[in-house]
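Given the structure of chain A, go ahead and fit chain B onto it with the hints provided.
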Amino acid sequence: GQQVMQIPQYQHVQEGEDFTTYCNSSTTLSNIQWYKQRPGGHPVFLIQLVKSGEVKKQKRLTFQFGEAKKNSSLHITATQTTDVGTYFCAGLSSNDYKLSFGAGTTVTVRA
Amino acid sequence: DAGVIQSPRHEVTEMGQEVTLRCKPISGHNSLFWYRQTMMRGLELLIYFNNNVPIDDSGMPEDRFSAKMPNASFSTLKIQPSEPRDSAVYFCASSLAGLAYETQYFGPGTRLLVL
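Here the protein sequences line up with chains A and B, keeping their order.
For the first sequence, the working numbering begins at 1 and goes up steadily by one.
For the second sequence, the working numbering begins at 1 and goes up steadily by one.
So here's chain A without its partners, still in its complex pose (with noise of 0.2 angstroms):
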């Protein structure tokens, strides 16, 4: 069946800098969407991506689909606290449109 990966799986960012999480599927994908929980909350949808090679960006968020559409990334510029949580990607399988999330990236930031 379809799985989807997502790496790192923890991420200690010092406040200001950059950095990137990847997710990548066993299978060509119908579209993707990437959400945010905060520590001790829920999922909170942030973008969808359906196009191959579709860029989008929310101010300092950055999202990619690759041109295959078996892989996505999500990079954040300038990290502030706010942006402690855990992100997930979520892909739709083109094949059976299963949805399958990824484990996630738990980020945390030191000021």
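These are computed hints drawn from the structure, not numbers from a lab.
Misleading hints may appear alongside valid ones.
[Said to hold, decoys possible] Here are the simulated lysine-lysine pairs, DSS-like style, with alpha carbons at most 27 angstroms apart: (1) A:Lys56 with A:Lys36; (2) A:Lys98 with B:Lys78; (3) A:Lys36 with A:Lys98; (4) A:Lys59 with A:Lys36; (5) A:Lys70 with A:Lys98; (6) B:Lys68 with B:Lys78; (7) A:Lys57 with A:Lys36; (8) B:Lys24 with B:Lys78; (9) A:Lys70 with A:Lys51; (10) B:Lys24 with A:Lys36; (11) B:Lys24 with A:Lys59; (12) B:Lys68 with A:Lys98.
[Claimed, not checked] Covered by chain A, according to a simulated footprint, are these stretches of chain B (three or more residues, beta-carbon under 8 angstroms): (13) 33–47; (14) 103–115.
[Claimed, not checked] Estimated spans, in silico, between C-beta atoms of each pair: (15) B:Ala2 with A:Gln58: 24 to 30 angstroms; (16) A:Pro8 with B:Arg41: 17 to 23 angstroms; (17) A:Ser94 with B:Pro70: 40 to 46 angstroms; (18) A:His12 with B:Ser73: 39 to 45 angstroms; (19) B:Arg22 with A:Thr108: 32 to 38 angstroms; (20) A:Gln9 with B:Pro84: 23 to 29 angstroms; (21) B:Arg41 with A:Asn95: 19 to 25 angstroms; (22) A:Pro39 with B:Val12: 35 to 41 angstroms; (23) A:Thr62 with B:Glu14: 36 to 42 angstroms.
Glycine included, every Cβ here is placed at the ideal spot set by N, Cα and C.
Okay, now just chain B, sitting in the frame of chain A:
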């Protein structure tokens, strides 16, 4: 506007007891999802309803789990009998249309502990 509402927010029960989790989706949303989140297995989709009809229940762990959606504004997830390995956070989410191309709005979750 009210978001997805889940109850109870916390549940502590003993092994063998029946547990019922409740969810009220956002008004006007046609799809409802139940997820389970644990440290070991991450976020897992258990079941997905569209227009009150179960579309995909392949994520339901076993026969002890059952879910219903009697109307557009209410769904339940029942575990009978419960076991300690069922301890997790259970999220309900809803979306306007379906699984594809639609944002999912998650509820606050029910934190279940089975002793």
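Here is how each hint holds up against the structure:
1. A:Lys56 with A:Lys36: 16 angstroms, holds
2. A:Lys98 with B:Lys78: The hint holds at about 23 angstroms.
3. A:Lys36 with A:Lys98: It holds: about 20 angstroms lies between the C-alpha atoms, which stays within 27 angstroms.
4. A:Lys59 with A:Lys36: 15 angstroms, holds
5. A:Lys70 with A:Lys98: Given that 27 angstroms is the threshold and the Cα spacing comes to 14 angstroms, the pair holds.
6. B:Lys68 with B:Lys78: 8 angstroms, holds
7. A:Lys57 with A:Lys36: 15 angstroms, holds
8. B:Lys24 with B:Lys78: 15 angstroms, holds
9. A:Lys70 with A:Lys51: 11 angstroms, holds
10. B:Lys24 with A:Lys36: 22 angstroms, holds
11. B:Lys24 with A:Lys59: 33 angstroms, violated
12. B:Lys68 with A:Lys98: 20 angstroms, holds
13. 33–47: Per the Cβ count (4), the hint holds.
14. 103–115: Check passed, 7 qualifying residues.
15. B:Ala2 with A:Gln58: 24 to 30 angstroms: 25 angstroms, holds
16. A:Pro8 with B:Arg41: 17 to 23 angstroms: Because 19 angstroms falls inside the window, the suggested range holds.
17. A:Ser94 with B:Pro70: 40 to 46 angstroms: 33 angstroms, violated
18. A:His12 with B:Ser73: 39 to 45 angstroms: 43 angstroms, holds
19. B:Arg22 with A:Thr108: 32 to 38 angstroms: 34 angstroms, holds
20. A:Gln9 with B:Pro84: 23 to 29 angstroms: Given range 23 to 29 angstroms: holds, Cβ gap about 25 angstroms.
21. B:Arg41 with A:Asn95: 19 to 25 angstroms: About 22 angstroms separates the Cβ atoms of Arg41 (chain B) and Asn95 (chain A), which means 19 to 25 angstroms holds.
22. A:Pro39 with B:Val12: 35 to 41 angstroms: Taking Cβ atoms as reference, Pro39 (chain A) and Val12 (chain B) lie about 21 angstroms apart, which means the hint is violated.
23. A:Thr62 with B:Glu14: 36 to 42 angstroms: The hint (36 to 42 angstroms, Cβ to Cβ) is violated, given that Thr62 (chain A) and Glu14 (chain B) are roughly 48 angstroms apart.
Checked against the numbered hints above, the structure violates hints 11, 17, 22 and 23; every other hint is satisfied.
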